[in-house]
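Generate coordinates for the entire structure from the input sequences, incorporating the hints supplied.
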Amino acid sequence: MTGQQRRPARELLTRESEHLLATVFAGQVRAVVIERALRRMAEADARKRRAEGGRR
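Mapping of the sequence shown onto my numbering: position 54 corresponds to residue 54, and the numbering continues sequentially without gaps.
These are calculated hints, taken from the structure and not from any lab test. All C-beta atoms in this analysis are idealised placements derived from N, C-alpha and C, irrespective of residue type, glycine included.
Label-pair ranges, simulated between beta-carbon atoms:
1) Ala51 <-> Gln28: 31 to 37 Å
2) Leu21 <-> Arg47: 21 to 27 Å
3) Leu20 <-> Arg47: 21 to 27 Å
4) Leu20 <-> Ala46: 17 to 23 Å
5) Thr23 <-> Gly53: 31 to 37 Å
6) Arg50 <-> Gln28: 28 to 34 Å
7) His19 <-> Ala44: 16 to 22 Å
8) Val24 <-> Arg50: 30 to 36 Å
9) Gly53 <-> Gln28: 36 to 42 Å
10) Ala22 <-> Ala44: 19 to 25 Å
So, in structure tokens, the structure goes:
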């Protein structure tokens with residue numbers, strides 16, 4: 001799977017959705033870890049886009 005295919009899901013992930021999933025799946029540590037990792041990847045993508053936009 002390419003980064004282009006993953007991007008929409010990563011952009012839709014918010015802190016609120018992370019909290020919702022952590023609440024719904026309370027006790028499922030894996031779900032929280034996965035959501036946190038996805039959020040961090042989305043934030044890194046956003047930082048990269050801002051940095052690339054600043055160079056143009």
